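Q: With the hints as extra help, turn the sequences into a complete structure.
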Amino acid sequence: MSEERDERTGRAAAAARIAQQQTWVDQQIRIAMERGDFDDLPGAGKPLGALGSGHDPDWWLRKLVERERLVVLPPSVQLRKEDAELDDRLDTLHSEREVRAAVEDFNQRVIAARYRLPEGPPLITMPRDVEETVAAWQARRAARAAARRTARAAEPPRRRWWQRRR
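Under our numbering, residues 84 to 249 are what the sequence shown spells out, in order.
It should be emphasised that the hints constitute simulated quantities derived from the structure, not laboratory data.
A few of these clues could be false.
Said to hold, decoys possible - Distance windows between CB atoms, simulated:
no., residue 1, residue 2, range
1, Glu151, Ala237, 43 to 49 Å
2, Arg199, Gln104, 50 to 56 Å
3, His177, Ala236, 21 to 27 Å
Please read these numbers as outputs of a predicted model, since none were measured by experiment.
Quick reminder that beta carbons are idealized off the backbone N, C-alpha and C, glycines included.
A: And the structure:
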């Protein structure tokens, strides 16, 4: 492979381009400043935040938690919260198989948390009995269906668009 050489200096053309790249970048920034591309940027004229603070190797993680509004809880507290919301989450599922899978997944996470070293408050959440939970889900589902039927029976019958008024 023969490299392309600059006729004036005898150096490789790529090396010359790299040497000139800094001046080209400076020129592009200067032209953009003259056009006013950097005017009215958010934070213009304000000091940079956290510039004087010490080095934090997890700065990106802290910024991610702030930006995404993530809540990081110890496993015992997270499982307690999930246990309180589990019935509402199960009510959104449509089949008994999905309910069983969700309860078994919850139980596996509770048992795994019991075998780990405690992180934070003690774990007081107990695994749920799958059969009892499924029976309670079926009862709530039947009650909701009965409530819908009685509400529907109380409404006057709706006319279809093709039916004439008499």
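Q: Tell me, in ascending order, the numbers of any earlier hints that this structure violates.
A: Failing hints: none at all.
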